[in-house]
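S.K.: Residue-level listing of the chains:
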Amino acid sequence: MKRTGAQLIWEVVTREGVDTVFGYPGGAILPAYDALVEYKNLHHVLTRHEQGASHAADGYARATGKVGVAVATSGPGATNLVTGIATANMDSSPIVCITGQVGSTVIGKDAFQECDITGITQPITKHNYLVTRAEDIVGVLREAFYVARSGRPGPVLVDITKDAQNQEVDFEWGDSPIRLPGYRPDLSALPEEYDRALKLLSEAKRPLFLAGQGIIMSGAEEELRKLAEAAHVPVALTLLGLGGLPTTHPANLGMMGMHGEAWVNTAIQEADLLIALGMRFDDRVTGDLATYAQNAKKIHVDIDPAEIDKNVKVDVGIVGDLRAVLTTFNERLKPQKRDAWSEYIEKSRGEAEQHDILKAAEPGGLYAAHVIDELRKLTGDNAIIVTDVGQHQMWEAQYYAHNQPRTLITSGGLGTMGFALPAAIGAKMGCPDKEVWVIAGDGGFQMTACELQTCAQENLDLNIIVINNGYLGMVRQWQEMFYDKRYSETPISSPDFVKLAEAHGLTGARVETLGDVPGAVAASQAHKGTSLTDFRVVAEDAVYPMVPTGKALDQMVRRPRKTPAIRQDT
Amino acid sequence: MLNPNEPIQRTAARRQLHTFVVYAEDKPGVLSRITSLFRRRAYNIDSLTAGHTDVPGVSRLTVVTESDDAEARLIEANLYKLVNVLRVEDLTHVSAMKRDLALIKVRCNADARPQVMQMIEVFRARIIDVAPESLVLEITGTGDKIDGLLEILQPFGIIEMVRTGGVAMTRGSEATTVHPHFVHALVPQTGN
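These protein sequences, in sequence, are chains A and B.
Going by our numbering, the letters in the first sequence line up with residues 1 to 570, in that order.
Going by our numbering, the letters in the second sequence line up with residues 1001 to 1192, in that order.
Hint data in this document are derived by calculation from the structure and do not stem from the laboratory.
Model, not experiment: these values are computed from the prediction.
A portion of the hints provided could be inaccurate.
Stated by the list, open to error - Cross-link-like lysine-lysine pairs, in silico, DSS-like; alpha carbons within 25 Å at most:
| no. | chain 1 | residue 1 | chain 2 | residue 2 |
| --- | --- | --- | --- | --- |
| 1 | B | Lys-1027 | A | Lys-310 |
| 2 | B | Lys-1081 | A | Lys-109 |
| 3 | A | Lys-313 | B | Lys-1081 |
| 4 | A | Lys-313 | A | Lys-205 |
| 5 | A | Lys-310 | A | Lys-66 |
Said to hold, decoys possible - Far from chain B by the CB rule (all over 10 Å, computed), these chain A residues:
| no. | residue |
| --- | --- |
| 6 | Val-147 |
| 7 | Pro-181 |
| 8 | Lys-226 |
| 9 | Thr-248 |
| 10 | Asp-304 |
| 11 | His-355 |
Claimed, not checked - Label pairs and their computed distance ranges (CB to CB):
| no. | chain 1 | residue 1 | chain 2 | residue 2 | range |
| --- | --- | --- | --- | --- | --- |
| 12 | B | Met-1097 | A | Pro-548 | 34 to 40 Å |
| 13 | B | Gln-1016 | A | Met-1 | 55 to 61 Å |
| 14 | B | Leu-1017 | A | Val-106 | 41 to 47 Å |
| 15 | B | Glu-1151 | A | Asp-110 | 43 to 49 Å |
| 16 | B | Val-1122 | A | Asp-116 | 28 to 34 Å |
Think of the CB as a built atom: it goes at the ideal place given N, C-alpha and C, for glycine as much as any other residue.
Please model the entire structure based on the sequences and the hints provided.
M.R.: Structure representation (structure tokens):
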């Protein structure tokens, strides 16, 4: 049958199981948008900026595990996607971006809205394509989806010229097979590799698992739980690994790294074996590399061979899909007991928890921790929390309890402010039956606040929490600690968020006292439709513990005691 | 060739020239992807050459880079991550021939000519152009050999010089040519 290139785009997208795409029309993508009208089973969400579309596709992908799709026109439409593509690339999120390009005959002539988007995105995509002929569209798009979701997932961009969209060609699905001779997403390890790893594990007195997002991407949560129990090894998680093991599980120590709890980082420094699972030893996780876990042998399991020995030199590197690797571990492991090590860590946990602001009888104001703790109490295990970047992001990681995978969506690697609201739109479209909460700071929220109108147009039921302290809080915290309290350009004003929500046809509320928190969170949850709650928190609060840049992981600044009185009821 | 299943060999962080042979699909932008990788990861490129192979649709590149063995392994792993790259071989620690080609235009009048001709004989260089005041020489060999010739020609005055950068091939009957099955391999079907 005959199809135009524009129709072929949607033929592939729908057959890949995509039900929702996020985008913004424009000149060079007009034929595709015209054809979209015929594809009634495909829902298009019109974001208010293309950056929102790429973050929404990312949020959709992280919430569902499916490939997210963003669509934009050439030139500025395509360049606006870039921040979202780089965000997805750093966090290995599978998205396909489809951009229109000027006609193939005027490429290179600086035509109106021409831009070399494949050149621009080359270092921040897993792969990208420029398509100039309609007959190539099906094969390339199928490859794009396959590359995006297989192996270590990542973003793929497909740039399609306007004339290719307009051409009419014969279409037979089977005529365009995927042909990727150099692509090897399915590497696996040899038995000897497992022998060496298991030997190290059986000999270790103080071993630790360091679990990252790879656990969630490969669906290895159950295998991790079994392994941690059988080997009696505590598990520390990365920010993106949260949800990989229930927070309530006794083996779960919590988050490691710059703002990880003291007992976690101390345990890493005192361990004699680290087994890294689907994480990449980011500098926010290791602190100073020269002093990192000097007493520990290291095993690194990752699907990407280029991660092995990249930041931390390891004793055993195992390349492969984590679920398969951990299944083999579980089959071959002899159960062990390491009571002394667990008891030691639990003791240091108990000591550190005394400092928590939530334990203070007179906290002296409304803190973000109170808001997030209330949210934790009120929401079930299946609620999805989408955070922006900064102090609130770290407080969420510390005070919320993620007991299910894919319930925390956040920009970890790139640290993209403005991520939360559009990513939450994508998450909600992908999981309409789940409760979705946005937690953002007053700074980051203003970067993509235009997407409030997208929520209104789509009648979305989002719950938005703004942790409002009148500062770009994380930067202010660094200025306080490392720049002699010179608050250079960190005080930031905000619009009246309640009125802003109302101007968009949404509901808004403001909370200024601790006592009003439970009611406000419950009201937001009960409200059908998007509601925004502006929490005015203590302005100069800081995230503790904190490992200063360049310091060893156990040289953290500890949480100061707020009051000597300890509340007994929590 | 990278084998992710092999244990990682620990070697002293000694920096030396590593020679990679890279087979890649002959598609637009492939060269740019490879150079972009080196730039982005802050790996140094000493030389890079590219050309066709005997298999249609497959290019062969030789990349020479100064690195230690650990970094070389990461370069190899990252090259493999490029979707269009078919195969990578590190020829540094195997028995291989490495050759560079240079064209050298040297200042040389009739008086100096016999002297220059005598010296280049030792280097097995060839004269490919003679003019009243100059000669153009062609030489192939290892980088060291070409450096040696340049050094002795220096006093005469080098007008212009071009070098191709290294190409390399393993010794013996073992082929370094990419196997056709890489080119025709299909991945599992998706969709319906």
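S.K.: A separate judgement is required for each hint: does it hold in the structure or not?
M.R.: Verification of the hints:
Distance hint between Lys-1027 of chain B and Lys-310 of chain A is unfulfilled; the C-alpha atoms sit about 29 Å from each other, more than 25 Å. A C-alpha spacing of about 32 Å is found between Lys-1081 of chain B and Lys-109 of chain A, which places the hinted pair above 25 Å, so the restraint is violated. Only pairs whose Cα atoms come within 25 Å are accepted, and Lys-313 of chain A paired with Lys-1081 of chain B is accepted, the gap being roughly 20 Å. For the suggested pair Lys-313 of chain A and Lys-205 of chain A, the alpha carbons sit about 21 Å apart, so the restraint of at most 25 Å is met.
Between Lys-310 of chain A and Lys-66 of chain A the alpha-carbon distance is near 28 Å, which puts this suggested pair outside the 25 Å criterion. At roughly 6 Å, the least C-beta separation between Val-147 of chain A and chain B is not larger than 10 Å, which violates its mark as non-interface. At roughly 5 Å from the closest C-beta of chain B, the C-beta of Pro-181 of chain A falls inside 10 Å, breaking its exclusion from the interface. Once the 10 Å rule is applied to beta carbons, Lys-226 of chain A is consistent with being away from chain B; the minimum gap is 25 Å.
Once the 10 Å rule is applied to beta carbons, Thr-248 of chain A is consistent with being away from chain B; the minimum gap is 36 Å. The Cβ of Asp-304 of chain A does not lie farther than 10 Å from every Cβ of chain B; its closest approach is about 7 Å, which violates its non-interface assignment. Distance check for His-355 of chain A against chain B: the nearest CB is about 41 Å away, which clears 10 Å, and the non-interface claim stands. Distance hint check: the CB atoms of Met-1097 of chain B and Pro-548 of chain A are about 53 Å apart, inconsistent with the given range 34 to 40 Å.
At roughly 59 Å, the beta-carbon separation of Gln-1016 of chain B and Met-1 of chain A lies within the given 55 to 61 Å, and the hint holds. Taking the beta carbon of each, Leu-1017 of chain B and Val-106 of chain A are about 44 Å apart, inside 41 to 47 Å as hinted. Remark: the range hint 43 to 49 Å for Glu-1151 of chain B to Asp-110 of chain A is upheld by a beta-carbon distance near 47 Å. Evaluation of the 28 to 34 Å hint for Val-1122 of chain B and Asp-116 of chain A yields a failure: the beta carbon distance comes to about 50 Å.
In terms of the numbered hints stated before, the structure departs from hints 1, 2, 5, 6, 7, 10, 12 and 16, listed from lowest to highest.
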